[in-house]
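Protein sequences, first through last, are from chains A and B. The first sequence begins at 1 in our numbering and counts up one residue at a time. The second sequence begins at 445 in our numbering and counts up one residue at a time.
Misleading hints may appear alongside valid ones.
Partial chain B-side listing against chain A, Cβ under 10 Å, derived [claimed, not checked]:
{"hint": "1", "residue": "Ala-482"}
{"hint": "2", "residue": "Glu-509"}
{"hint": "3", "residue": "Trp-599"}
Sample of chain B residues with no beta-carbon within 12 Å of chain A, all distances over it, derived [unchecked claim]:
{"hint": "4", "residue": "Ala-467"}
{"hint": "5", "residue": "Arg-508"}
{"hint": "6", "residue": "Glu-528"}
{"hint": "7", "residue": "Gly-567"}
{"hint": "8", "residue": "Val-593"}
{"hint": "9", "residue": "Thr-645"}
{"hint": "10", "residue": "Lys-662"}
{"hint": "11", "residue": "Leu-684"}
{"hint": "12", "residue": "His-691"}
{"hint": "13", "residue": "Lys-709"}
{"hint": "14", "residue": "Arg-718"}
{"hint": "15", "residue": "Glu-731"}
Computed footprint of chain A on chain B; a stretch qualifies when at least three of its residues, placed anywhere within it, have a C-beta under 8 Å from a C-beta of chain A [as the list claims (entries may be wrong)]:
{"hint": "16", "region": "487 to 495"}
{"hint": "17", "region": "519 to 526"}
{"hint": "18", "region": "674 to 683"}
{"hint": "19", "region": "732 to 741"}
Honestly, the hints are just simulated from the structure, not real lab data. Bear in mind the structure is a predicted one, so any value in this text is a computation, not a measurement. In this text, a Cβ means the ideal position worked out from N, Cα and C, and glycines have one as well.
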Amino acid sequence: MFDRLTERLDDVFRKLRGQGRITERNIDESLREIRRALLEADVNFQVARSFLHAVRDKATGREVLRSLTPGQQMVKIVHDELVSLLGRQMEPVKLADHPPTVILLVGLQGCGKTTFAGKLALDFKKRGRPPFLVAADVYRPAADEQLRTLGGSIEVPVFGLAETGEDADPVEICRRGVEAARKSNRSVVILDTAGRLSIDDEMMDELVEIRALMHPHEILFVADSMLGQDAVETASRFYERLAFTGSVLTKMDGDARGGAALSIREVTGQPVKFICTGEGLEALETFHPDRIASRILGMGDVVSLVEKAEQVFDGEKAEKMEAKLRQEAFSFDDFREQLQAIKKMGPLDQLMGMIPGAGKTLKGVQLDDNAFVQVEAIINSMTAKERVQPQILNGSRRQRIARGSGTTVQDVNRLVKQFQSMQKMVKQMSRMKPGRMKMSMPFA
Amino acid sequence: MAVAGLLEKVRNGLAKTRSAMVARITTAISGDALDEEAADEIEEILIQADVGVDAAVEIVDRLRERLRRAESGAEQIFVSLRKELCQIAGGGVPFDPGAELTGKPHVVLVVGVNGVGKTTTIGKLARLYRDSGRSVLLAACDTFRAAAVPQLEIWAERAGANIVRAQQGADPAAVAFDAVSAALSRDTDVVLVDTAGRLHTKVNLMEELKKVRRSLGKQCQGAPHETLLVLDATTGQNALSQARQFHLATEVTGLVLTKLDGTAKGGIAFALRRELGIPIKLIGVGEGEDDLQPFDGETFVEALLER
């Protein structure tokens, strides 16, 4: 994500490098390039304009440092401005003093509200706050059923037309849903509403009514990260009517440059609170403006990567693993376990996108998650003994494994070799630093 | 359908776009000539309608060129701008549900990213074909999203179409195959294939789509006869990337631009037409069952710029 914007700014700065100082002329040139990049990233025209003004002021003003090259200066200035536009720091969801916390989700059709509702519920569940989902979309065919299926998959109760009867309107569903959540002692209620156009007064009135009746602690405006110039118009209309308290950017796992994020933040002043980075319900991240700004400028996002890893590698397992490594008893079983944990972290290309510099060097390289499938198949075709003692893998055993996993002996050989060199590597690592090893990535 | 009625529909859908754009363009060219300021203003207006930087710059350049040769004046500038836009948006055979169909069954594959309105478009498309006396079968190949199949079932019922479906998680290519087989044995005229929304950057999901496409062709020579890419009009420049990738994977034969009844201006249509040359065949201008309209470039521009 933001890949292309980063590339364009990179180009600008490359042009700037090699020039002794920032002059009127090269500022103009770089600003034109930045403007173009921003517009192509769907940053709203006016937002881009004010952004460029700020950058120009900073660049020509006294904040310019002598110790840096013009390119570095521009990177710093643009980065700082991006961060300030995105809102400096991460803002968590506000929780009610007296549960349940009521969260209302609003947005256009197809922006991903229902899926986000599922993700948010799972997130609360993981953090030990029992969630409750309310399906208040009575317009789109099967919307109720969609939320019910999602809720069922994460074992979160869903309240909707089945509970209220077919005739209930969304306001009624929300009212009774929150009531039911309170009775069953759920700590968070997520109200999923129908997608609607900001100019549809009747539908907007419905949300205003729900808001007035339920007093939600958070109203989240869910927006597609692919939104174009209209993001500003739609966000400000929703904001005028509902005074939403934060926004959510969905479908960030595509190649949309996500300029809408900057626009929405700028015109409403409300923070972006979450980003959705995949179709799986666990693909939800809190929005960190500084990290995203860094990502825009190609500095990578290591913090997110580590956090993701921490979520899926639980502490106890990590300690066991560490002990095994020190005893040099790391087996194919452990390897497989780690593979599965990494798979849970999300699609590989996304993980790579967070590693500094990887965006550029890996451009065009398709990371295939199916590569894991093959490795897993090979390990699965080994006997329990072979997994623990790979040294017994002779030719005929390898042939059997290849047949069993639908691969070739060469594939098996390659994996065994990789595994051995990995074993060597982790041995060295564990000798070097016998301290805590929270995340041991089995391959580099 | 009467052209006047159609214009009215598009007009209603684009009402917001029109008033804002016209007012601004009129102000911009208050003088007699297309000076730098007016040119910049027009460029800005186009960019804000999601036309894109490249397309906007090109349109304005061509506008300058055109005006150099002709009499200038506010009226003339306006006429020229309309001509330029028409030239980009126009061309292509407008969609006509009553026209003679290639293939029996005529198989239409519908693809696009998540949430653009594929299922809704299929529902409406089924209705259009039914209204022109065709038998329709819907293939519920979105076996991924929760409740996608029940959603399509409701549309099938509304339009009076048959549906072929499978369990959630089933192989979409298998469902596609079954649907075409069923259509063949039931002598159905049109098969509309609904697929799961997918981001164009997901290689494995695009591969899955290719497989669906191949399996359609197995039972019925030449299928799919039409591959429609559904795009959300609120989408910005990313629509270009979407269209490119989907076109690579599935040879898109037409675009459907949905959600034009909102505040989004749908200017991306020009960028798409200019860069990829794939015709826009249909536009969605509302949530009603009959709010899917054949796209007509001139009407579209007319509605956009009408004074």
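The hints, checked one at a time:
With 10 Å as the threshold, the beta carbon of Ala-482/B stays out of range of chain A, its nearest partner Cβ sitting at about 17 Å, so the hint is violated. For Glu-509/B, the interface hint is violated, the least distance from its beta-carbon to any beta-carbon of chain A being 22 Å, above 10 Å. Restraint check, Trp-599/B versus chain A: the minimum CB separation of about 6 Å is within 10 Å; hint holds. Listed as outside the interface, Ala-467/B is consistent with that label: its C-beta sits roughly 15 Å from the nearest C-beta of chain A, beyond the 12 Å cut-off.
No Cβ of chain A comes within 12 Å of the Cβ of Arg-508/B; the nearest lies about 19 Å off, and the non-interface call holds. With a least beta-carbon separation of about 20 Å from chain A, Glu-528/B lies farther than 12 Å from that chain, consistent with its non-interface assignment. Listed as outside the interface, Gly-567/B is inconsistent with that label: its C-beta sits roughly 8 Å from the nearest C-beta of chain A, within the 12 Å cut-off. With a least CB separation of 8 Å from chain A, Val-593/B falls inside the 12 Å interface cut-off, contrary to its annotation.
Not every Cβ of chain A is farther than 12 Å from the Cβ of Thr-645/B; the closest lies at roughly 5 Å, contradicting the non-interface assignment. For Lys-662/B, the shortest C-beta to C-beta distance to chain A comes to about 24 Å, beyond the 12 Å cut-off, and the non-interface label holds. Not every beta carbon of chain A lies more than 12 Å from that of Leu-684/B, the smallest distance being close to 10 Å; the non-interface claim is violated. Taking the minimum C-beta to C-beta distance to chain A, about 15 Å, the non-interface status of His-691/B holds against the 12 Å cut.
Residue placement check: Lys-709/B does not keep its beta carbon more than 12 Å from all beta carbons of chain A (closest about 7 Å). Here Arg-718/B stays apart from chain A, with its beta-carbon at least about 15 Å from theirs, past the 12 Å limit. Remark: the non-interface label on Glu-731/B conflicts with the geometry, its nearest Cβ contact in chain A lying 8 Å away (cut-off 12 Å). Only residues whose C-beta sits within less than 8 Å of a C-beta in chain A count toward coverage, and the region 487 to 495 of chain B has 5 of them, enough to reach three; the restraint holds.
For a cut-off of 8 Å, the count of residues in the region 519 to 526 of chain B with a CB near a CB of chain A stands at 0, and the three-residue condition is violated. Counting residues of the region 674 to 683 of chain B whose beta carbon lies closer than 8 Å to any beta carbon of chain A gives 7, which meets the minimum of three for the stated coverage. With 0 residues having a Cβ less than 8 Å from any Cβ of chain A, the region 732 to 741 of chain B misses the three-residue criterion, and the hint is violated.
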